[in-house]
Amino acid sequence: MHVSPATDFLTSSAALCAAVLNLRGEQLAAELGRIARDLLASPHGSFVLSGQAFGPAPDGAGARLACAVASGAVDYGHLVVGGRAAYDEQDARLLAGLAALAASLLKVNDFALRSTQAYLDLEAELSHQAQILDQIHESVLTMDQTGYITSWNKGAERLFGYSAQEAVGRNILFLYADEDTAFHDAFVEQGGRMMEVRRRKKSGEVFWASLSLSPLRDREQRPVGLIAYLTDITERKHAEERLHHLAYYDALTGLPNRSLMAKLVDQALTSAQRKGATACILFVDLNRFKMFNDTLGRATGDELLKQVAQRFKQVLREQDVVARLSGDEFAVGLFDIREHFEATTVAHKLQAALVEPFLIEGHDLRVGASIGISVYPQDGVDAEALLRVADIAMARAKLGGDGDSVTFYSHDMNQGMQERMRLESGLRQALADGELLLHYQPKFDIRTRAVVGAEALVRWLHPQRGLVPPAEFIPLAEATGLIVQLGEWVLEAACAQAAQWQAAGLPPFRLAVNVSAREFSAALPARVSETLARYQLDPSWLELEITESTLMHDIERVIAIMDRITALGVSLSLDDFGTGYSSLSYLKRFPIDTLKIDRSFTTGLPFDGNDCAIASTIISIGRQLRHKVIAEGVETRQQLEFLRDAGCDEVQGYLFSRPLPAAAFEAALRAGWVEPG
1 MHVSPATDFL
11 TSSAALCAAV
21 LNLRGEQLAA
31 ELGRIARDLL
41 ASPHGSFVLS
51 GQAFGPAPDG
61 AGARLACAVA
71 SGAVDYGHLV
81 VGGRAAYDEQ
91 DARLLAGLAA
101 LAASLLKVND
111 FALRSTQAYL
121 DLEAELSHQA
131 QILDQIHESV
141 LTMDQTGYIT
151 SWNKGAERLF
161 GYSAQEAVGR
171 NILFLYADED
181 TAFHDAFVEQ
191 GGRMMEVRRR
201 KKSGEVFWAS
211 LSLSPLRDRE
221 QRPVGLIAYL
231 TDITERKHAE
241 ERLHHLAYYD
251 ALTGLPNRSL
261 MAKLVDQALT
271 SAQRKGATAC
281 ILFVDLNRFK
291 MFNDTLGRAT
301 GDELLKQVAQ
311 RFKQVLREQD
321 VVARLSGDEF
331 AVGLFDIREH
341 FEATTVAHKL
351 QAALVEPFLI
361 EGHDLRVGAS
371 IGISVYPQDG
381 VDAEALLRVA
391 DIAMARAKLG
401 GDGDSVTFYS
411 HDMNQGMQER
421 MRLESGLRQA
431 LADGELLLHY
441 QPKFDIRTRA
451 VVGAEALVRW
461 LHPQRGLVPP
471 AEFIPLAEAT
481 GLIVQLGEWV
491 LEAACAQAAQ
501 WQAAGLPPFR
511 LAVNVSAREF
521 SAALPARVSE
531 TLARYQLDPS
541 WLELEITEST
551 LMHDIERVIA
561 IMDRITALGV
571 SLSLDDFGTG
581 YSSLSYLKRF
591 PIDTLKIDRS
601 FTTGLPFDGN
611 DCAIASTIIS
621 IGRQLRHKVI
631 AEGVETRQQL
641 EFLRDAGCDE
651 VQGYLFSRPL
661 PAAAFEAALR
671 AGWVEPG
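Heads up: the sequence shown begins at 1 in full-length UniProt numbering, then just goes up one per residue.
In short, the hints are calculated from the structure, not lab data.
Hints are all accurate, no fakes.
DSS-like, lysine-lysine: derived pairs with alpha carbons at most 30 Å apart:
| # | residue 1 | residue 2 |
| --- | --- | --- |
| 1 | Lys290 | Lys398 |
| 2 | Lys628 | Lys237 |
| 3 | Lys398 | Lys313 |
| 4 | Lys201 | Lys237 |
| 5 | Lys306 | Lys290 |
| 6 | Lys349 | Lys275 |
| 7 | Lys263 | Lys349 |
| 8 | Lys588 | Lys201 |
| 9 | Lys313 | Lys275 |
| 10 | Lys306 | Lys263 |
| 11 | Lys290 | Lys263 |
| 12 | Lys263 | Lys275 |
| 13 | Lys237 | Lys263 |
| 14 | Lys290 | Lys349 |
| 15 | Lys154 | Lys201 |
As the structure is a computational prediction, the values presented were derived from the model and not from experiment.
Generate coordinates for the entire structure from the input sequences, incorporating the hints supplied.
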């Protein structure tokens, strides 16, 4: 019987370690078999993988000894030796020891290989994530809970100008602009908060950024810091500021315009109501201005208006509000007065400011002013009402003497009040008796001249008066609340007509229906859906035009309603864009398809610099937000050419077509539209 010495086992163990560490596959199996053969002094030795048969004994002679190489539930295979006459218990113990050592080494080696691979996979994943973070345009950085920067991607390097080596380890406060005072720890818990902030670059430049903060958590989901995402929005903020100024200030005089005047007056009246105070509105119209403007030219007239504005500002108090409404019309708001007759003193100051002649380009120009005054609260409780009646009083003042006079509004000036009441009663009856009808004004692609849509416009066919102008009954409907019933009728009638055109095989085009602020409620999407279903009308036929002022109250509610409407497949258009003021940070969130330039900005094109600036800005904003832009009220070739050159997409107006009854519109659509003359 052969007995292997202890040194042989030690030698075999060393060889076994080297084999497991350095060999794989068939080479490892062959080496394991050789080590077993040498240890047991056998002619033959092999390592048989788990699940494989041992095969016949080599040369068909001699004994064979096998031992499993296993560790716990893991079975690697068997060490098999053979070719000797016989094997005893000591041989079996030697082979079992070798098998146990092999199993342990294989298990440790497997674990080491898996760990190494896991580390390599993790390292590769981290490398990929780092590459992704560095490639995205947005700057991404992380901070601990005290505001110290822990990571800084390439986007942050490009945005701020600091390398990662310069930024990591510093407190985020070093990026703040001067007016920023502290790092807000509350953001760690809130997370996801979005805001617009001012930050400072390495160069010292201060810029606007959109900042989104999310919590950074550990494996136990405990907050350990913040992830900050920043995007440079400086250009957008500047555009927003330009639009704000264009929307709220007169480009010529720098004074507030009518929109801002109305807002400022309404705010002041709220305060006056709480205090029980008196307020007055002065409506000022310059006398003899039109003569100078027509004879000496617009440039002289513009300079005269600028100097008049400066004189008015000089004689008014700081708390008074002065605005240019339009042309040579100004308005003044007086809110800190004890008695309304004090407004007369201010009116005379304004007239006195015009006594000295204006020296412009060698001309000695003298203008006067007719001033109408309305008093809060007896003449009205909001800006529009007070301006309206002050305008009536100004017209009365202009009739007296040489025109340079001051008149307070009195109720007997408004002779049309009873007519208004008769008109309201008639409109209610018209809704009940079917006296309303729709006309359709086509919308054209500005380049191809193809009809791409139409606007449904309500008309009132009065039994005695005939067609009542919309300017008479639409404001009345808005003031009395009838606009909701009127809007419901228009939606119903427009969908019914579109369904007829759909059935007649006309290709779909967007039929626009105006939606008032009062109609824009949570019930609107369901009403639209039910109307479409009732007429089996494809949603691509319908577009809702929403006024800009509708969108600026309870933004989240408005967006939710808009999302429900667009989910139906109905398009949304923002009507009268530019007459109010939409924050661009909100505008980009509205799911609208089209911006509509109000006709008040189209009228002066291309000769009025202010109108040109506003129209161009709106078109630029529309392009940046990927919205179509349509201009209404296009009546001249010059307007059309300016809009086309500025990049406007669509137009509507008398240059192409007046609003037409349904039959005439369909006939013109089938026949093709004649090019405007």
